[in-house]
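Asks: Residue strings, one per chain:
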Amino acid sequence: MNKQVELPKAFSKERLLELAHQMWLIRYFDEKVDEFFARGLIHGTTHLCVGQEATAAGACAVLNEQDKITSTHRGHGHCIAKGADVNRMMAELFARETGYCKGKGGSMHIADVDRGNLGANGIVGGGIPIAVGSALTAKMKNLDYVTLCFFGDGASNEGSFHEGINLASVWNLPVIFFCENNQYGMSGSVKEMTNIENIGDRAAAYGIPGIVVEGNDLFAVIEATQEALERARNGGGPTLIEAKTYRWKGHSKSDAKKYRTKEEERFWRTEKDPLVFMANRLIEAGLTDEQEWENIRLQAKEEIEAAVRYAEASPQPSLDSLETDVYA
Amino acid sequence: MNKQVELPKAFSKERLLELAHQMWLIRYFDEKVDEFFARGLIHGTTHLCVGQEATAAGACAVLNEQDKITSTHRGHGHCIAKGADVNRMMAELFARETGYCKGKGGSMHIADVDRGNLGANGIVGGGIPIAVGSALTAKMKNLDYVTLCFFGDGASNEGSFHEGINLASVWNLPVIFFCENNQYGMSGSVKEMTNIENIGDRAAAYGIPGIVVEGNDLFAVIEATQEALERARNGGGPTLIEAKTYRWKGHSKSDAKKYRTKEEERFWRTEKDPLVFMANRLIEAGLTDEQEWENIRLQAKEEIEAAVRYAEASPQPSLDSLETDVYA
Amino acid sequence: MREITYAEAVREAMSEKMREDQDVFILGEDIGVYGGAFGVTRGMIEEFGPERVRNTPISESGIAGAAVGSALTGMRPILELQFSDFITIATDQIINQAAKIRYMYGGKGKVPMVLRTPAGSGTGAAAQHSQSLEVWMAHIPGLKVIQPSNAYDAKGLLISAIEDDNPVIFYEHKLLYGMKAEVPEGLYRVPIGQADIKREGKDVTVVATAIMVPKALQAAETLAKEGIQVEVIDPRTLVPLDEQTIISSVSKTGRLVVVHESVKRAGYGAEIASMIAESEAFDYLDAPIQRLGGKAVPIPYNPELEKHAVPQVEDIIQAVHATLNREGA
Amino acid sequence: MREITYAEAVREAMSEKMREDQDVFILGEDIGVYGGAFGVTRGMIEEFGPERVRNTPISESGIAGAAVGSALTGMRPILELQFSDFITIATDQIINQAAKIRYMYGGKGKVPMVLRTPAGSGTGAAAQHSQSLEVWMAHIPGLKVIQPSNAYDAKGLLISAIEDDNPVIFYEHKLLYGMKAEVPEGLYRVPIGQADIKREGKDVTVVATAIMVPKALQAAETLAKEGIQVEVIDPRTLVPLDEQTIISSVSKTGRLVVVHESVKRAGYGAEIASMIAESEAFDYLDAPIQRLGGKAVPIPYNPELEKHAVPQVEDIIQAVHATLNREGA
Ligand SMILES: Cc1ncc(C[n+]2csc(CCOP(=O)(O)OP(=O)(O)O)c2C)c(N)n1
Ligand SMILES: Cc1ncc(C[n+]2csc(CCOP(=O)(O)OP(=O)(O)O)c2C)c(N)n1
Ligand SMILES: [Mg+2]
Ligand SMILES: [Mg+2]
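Protein chains in written order, with full-length UniProt numbering: chain A, 1 to 328; chain B, 1 to 328; chain C, 1 to 329; chain D, 1 to 329.
Worth flagging that the hints you see were computed from the coordinates, not collected in a lab. There's no promise every hint is true.
Here are the computed lysine-lysine pairs in the DSS-like style, where the Cα-Cα straight-line distance is at most 27 Å [what the hints assert, rightly or not]: (1) K141/A x K139/B; (2) K139/A x K108/C; (3) K253/B x K272/B; (4) K139/A x K17/C; (5) K307/D x K108/C; (6) K258/B x K191/B; (7) K180/D x K141/B; (8) K198/C x K225/C; (9) K108/D x K108/C; (10) K17/C x K141/A; (11) K108/D x K198/D; (12) K17/D x K141/B; (13) K253/B x K180/C; (14) K295/C x K108/D; (15) K108/D x K307/C; (16) K272/B x K191/A; (17) K307/D x K253/A; (18) K108/D x K139/B; (19) K295/C x K110/D; (20) K307/C x K253/B; (21) K141/B x K108/D; (22) K307/C x K307/D; (23) K180/D x K307/D; (24) K139/A x K191/B; (25) K110/C x K139/A; (26) K110/D x K139/B; (27) K108/C x K141/A; (28) K110/C x K198/D; (29) K180/D x K110/C; (30) K110/C x K141/A; (31) K191/B x K191/A; (32) K191/B x K272/B; (33) K301/B x K13/B; (34) K17/D x K253/A; (35) K139/B x K17/D; (36) K272/A x K32/A.
Short, incomplete list of chain A residues facing chain B, as computed with Cβ under 8 Å [as the list claims (entries may be wrong)]: (37) H162; (38) E163; (39) S169; (40) W293.
Note that the structure is a prediction, hence the values are computed from the model and not measured. By construction, the Cβ of each residue, glycine as well, lies at the ideal position given by its N, Cα and C atoms.
Taking the hints into account, I'd like the entire structure generated from these sequences.
Replies: In structure tokens, the structure reads:
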């Protein structure tokens with residue numbers, strides 16, 4: 001897991017810088033949400049993926065527009081990486097009519113079904129069987145798409161994980177089970193909540209390949225997902241990928257983080273920042289320099305500011321909308 | 001799995017013959033139930049374990065009176081092996097007041113909580129987390145008992161299997177997960193419903209030992225269970241045992257058995273009968289002879305006839321009992 | 001017209017839709033060569049093959065989710081759960097996912113799936129295989145809930161359900177499977193949301209669901225001999241409920257008995273009774289509304305106890321007498 | 001007397017019982033140093049240690065089953081489910097196992113467990129984290145169902161629930177957690193099955209549950225200024241329901257408004273309304289019963305929409321007016 005992987009050959013310099021931009025977008029989006037939450041300007045609850053940018057960006061980097069994802073409560077990164085418009089995402093968090101869900105869904109339910117984002121999910125593990133169903137459609141209709149299913153280390157202890165993966169395995173479906181192991185559920189450490197070293201090793205219980213990968217290394221994530229994707233596209237069935245990562249922030253809005261140490265947090269923030277890692281690799285490879293990198297960063301930051309302006313300027317949904325959209 | 005195991009040293013000749021008697025009781029009990037069902041004299045549905053006598057008898061043989069079991073819809077064998085009175089069992093199937101459940105439970109719910117049978121279960125996999133809870137009590141109250149949890153191959157695809165075993169593993173509980181792999185769920189073959197060779201191998205997903213054993217060899221079952229039992233008693237946590245066996249009868253009352261071949265059935269009946277296997281081993285070892293064996297068989301047969309007489313002579317529950325026993 | 005059983009009617013609806021629409025498929029436990037726990041899918045795998053009559057592992061929550069996911073991406077799955085009691089294992093997928101997806105997503109995405117499942121007691125299968133939990137589903141916005149009481153309705157309603165773009169819970173009653181009725185060949189629809197007056201009468205309205213419909217009709221027959229004219233209404237679909245048909249009938253008769261097999265306490269009968277108590281029919285009521293439902297007990301195994309756990313024809317007759325013996329309020 | 005919050009009252013009930021009875025323990029997700037999703041167990045692991053305040057993996061069905069199994073073998077577990085919506089994942093264990101075991105076993109074995117879980121909307125957590133599904137549990141024989149509306153009742157009822165030998169579902173309301181009331185120290189019991197008249201009045205009876213109790217009291221306050229005397233009854237426990245207190249009140253006032261947050265359709269309000277429509281109070285009714293409940297929609301995220309999805313003080317006032325403007329039937 002710790003070897004340094006090659007930069008992905010199929011990715012142009014432009015594409016790599018696009019991914020850098022995307023990762024910055026993810027970071028700033030969630031930093032901004034954090035700020036607005038703290039100021040009481042966003043309602044409800046939210047789960048931030050700051051520190052996990054490389055899993056979202058890397059996994060989605062190899063997908064095409066037809067491919068689908070299912071996401072989780074910690075889904076802003078997945079959403080951005082699958083190509084969502086940050087304006088409409090931010091508008092959703094502001095509960096506005098222009099949001100992805102017209103203000104009805106909020107952070108935990110952003111979806112863009114037409115563009116292959118089958119939705120975030122407030123139920124831990126809830127998206128896993130849904131991803132299996134999506135993959136079943138691909139198989140039955142002979143469509144070429146692959147479904148990538150994000151879930152967390154905590155979700156891997158839900159029955160839906162077991163049932164979903166077993167189904168996909170016996171039906172040999174084109175689906176990638178992508179576990180973002182950020183070491184904790186809400187507070188439960190993966191070390192206390194499972195008795196094994198790697199969640200990826202659970203693949204053996206279903207007779208499918210399991211891959212464990214450095215989740216903060218964008219290139220390692222890309223490589224692993226690419227391999228799984230090719231297997232799925234070629235009729236080779238599902239793969240379980242476990243990407244080890246870390247969430248910098250608390251679980252959700254009110255988290256004193258007593259379940260982990262400051263040292264551990266510092267380590268991940270300073271030694272394992274996925275953006276620092278990526279910058280170093282790209283600069284090392286001569287694909288960018290500090291100035292360009294800084295421009296990318298600032299560009300992303302400004303887009304998020306613009307998203308906030310967009311959201312703030314957007315109308316509230318009308319009360320009439322309360323009772324619409326229940327049935328198709 | 002195919003090596004011939006030694007006869008269990010800790011078991012006297014008397015104890016072994018007692019087990020032979022028990023296995024015959026199980027066989028005749030279910031043969032009798034089958035007959036009464038066919039004649040329309042028993043109501044509801046039933047799931048017979050003819051052909052699986054060695055798993056029930058072998059697993060329970062090493063347990064003491066304090067140890068507990070959870071059982072399944074196919075639970076008559078477990079029940080007898082844990083020491084139930086066949087009269088009261090038969091009375092329950094006849095829905096009589098003298099039955100284990102006063103006629104309220106029937107085949108799928110026979111229990112004898114005081115003597116450690118925590119109950120059959122109509123929900124596939126439903127007993128697994130309950131067994132975990134029972135083991136938790138032992139741990140929290142510092143009691144010495146072990147809980148043995150029976151379930152089928154089909155049940156191993158339920159979320160409750162995954163959640164239950166993971167819990168037991170992280171809590172290091174004194175519990176034995178005993179999978180009777182009789183090759184089929186209702187009709188679904190284990191080969192089509194999982195993508196792995198051995199259900200026992202799923203143990204690795206929870207960091208616990210997995211054992212695969214010849215389920216129609218009483219002595220192999222005893223050996224495997226004994227090992228798991230000692231581990232559990234000594235604080236070594238759970239074990240997953242998979243015992244390969246076969247049900248001779250259909251799944252339940254109306255089963256055309258189209259999902260399997262006559263040859264397969266014949267093979268298991270003629271080559272793998274657990275009672276023939278046991279008789280051969282004991283006679284070979286000079287622990288019994290054909291005459292004695294025959295007497296044991298006839299004795300068991302007669303006990304089941306007596307159980308039927310007991311049941312038939314027992315009163316129906318009064319209508320007043322309909323609304324009692326809902327709350328403690 | 002030819003008569004076929006309720007089970008055959010359900011099968012025919014599925015088969016005819018599957019012939020017509022490639023997106024329709026069935027999944028469930030033992031629905032292949034076994035034909036399903038109640039034989040409803042018998043013969044279908046032979047016609048449609050194992051891809052479209054898809055035998056699943058025993059994983060209710062997984063297969064319910066697979067149905068949701070496939071519906072969301074363009075299929076029209078029919079999920080068979082072997083016993084409606086097992087909805088308890090699939091409820092997250094049914095009520096947190098299927099029922100809410102479209103709303104949560106702001107009106108995008110749809111989940112056109114049908115969950116078919118046998119409910120009810122009377123087969124000696126005891127407490128975990130005999131429940132009638134339809135009121136759970138009726139309480140959840142985003143679902144439609146159907147309970148056909150005869151073969152004709154079963155086929156027509158199932159076709160409507162399969163064609164509906166929403167998640168539909170379709171309750172079949174085990175004791176109805178063998179009952180025959182005249183059922184046309186070919187596709188026809190019974191609209192979702194339209195009650196059916198199974199028998200007209202002017203003295204008292206009996207609203208009955210599922211297996212209680214034939215029982216109510218039998219009671220009405222007996223009562224007719226005493227000169228009491230019972231109007232028997234079968235809502236057929238609990239959600240949406242055809243309130244108007246019931247209100248009109250009660251406004252005419254002035255008396256209402258509601259009967260279902262499901263436990264009376266907080267059963268769907270409470271919704272119907274309350275709906276009437278709140279409606280303009282209230283002013284026409286000449287006696288308190290009577291609800292009949294299952295006793296507050298798990299379903300017992302013993303056949304006599306089992307019978308007494310749920311309303312029988314005699315109970316309906318008694319309730320009608322009781323309501324008629326009341327002076328106007 | 002000192003005032004403490006509802007959350008503190010719940011915690012105190014658990015702590016005091018745990019000090020007294022070694023068999024009582026809690027299990028649930030993140031109830032350890034995190035203190036639970038709503039902070040209810042904060043500080044408890046420090047006092048009782050990780051064996052008795054048992055953090056679990058995210059496995060609702062597994063931990064519910066573990067609670068059932070430990071209860072059946074002599075412990076008295078308190079299971080905290082983080083959101084009551086997640087009962088959907090644990091329903092098999094709760095309703096097929098815990099609720100039925102004793103009956104299925106012919107009166108042997110008991111399952112003394114409490115399932116505590118926060119319900120309700122108002123926190124912006126949207127459709128999958130805001131439901132009020134208490135009617136599901138109330139429909140199931142073998143369970144008891146409790147919904148305290150203030151800190152005093154919460155503590156006293158939770159102590160009764162822990163001491164009860166049956167499975168008890170204990171619904172806490174998120175918006176009540178922060179509300180204070182006078183709460184005695186030490187063990188005291190509020191009996192299960194006893195409604196509480198939170199305010200006396202003679203003109204109209206309002207039966208309200210959980211968060212609707214403070215709202216109904218606020219409405220009553222406003223209406224009092226117009227000279228309308230509202231009697232506010234809090235059933236406190238849905239199962240068993242103290243029918244007599246409600247019947248007596250309605251017999252006195254002749255008018256009934258039932259209000260809960262849960263979706264109106266097939267909600268528990270239907271049970272209460274029907275119970276009255278069937279009871280001797282029927283003859284005293286001067287107007288149709290009014291039910292108020294949540295709209296038939298999943299709970300939306302937007303705060304204004306969210307508010308309008310469930311009854312507010314204004315709606316209660318309006319319903320009282322409406323019922324009073326009716327002529328006697
Ligand atoms: C079924 C269910 N159980 C519990 C929760 C509450 N909850 C929300 S997120 C979370 C932790 C999930 O952990 P993990 O799967 O590792 O994802 P992460 O939050 O670390 O991204 C919990 C317990 C939930 N939303 N759904
Ligand atoms: C949750 C649940 N799903 C489905 C069923 C219906 N059913 C009863 S037994 C059975 C097969 C179980 O297979 P297995 O676990 O292998 O046990 P076996 O019958 O082979 O002993 C099925 C599907 C059930 N009772 N419970
Ligand atoms: Mg995590
Ligand atoms: Mg089997």
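Asks: Going back to the hint list, which numbers does this structure go against?
Replies: 1, 7, 9, 11, 16, 22, 28, 29, 31, 34 and 40
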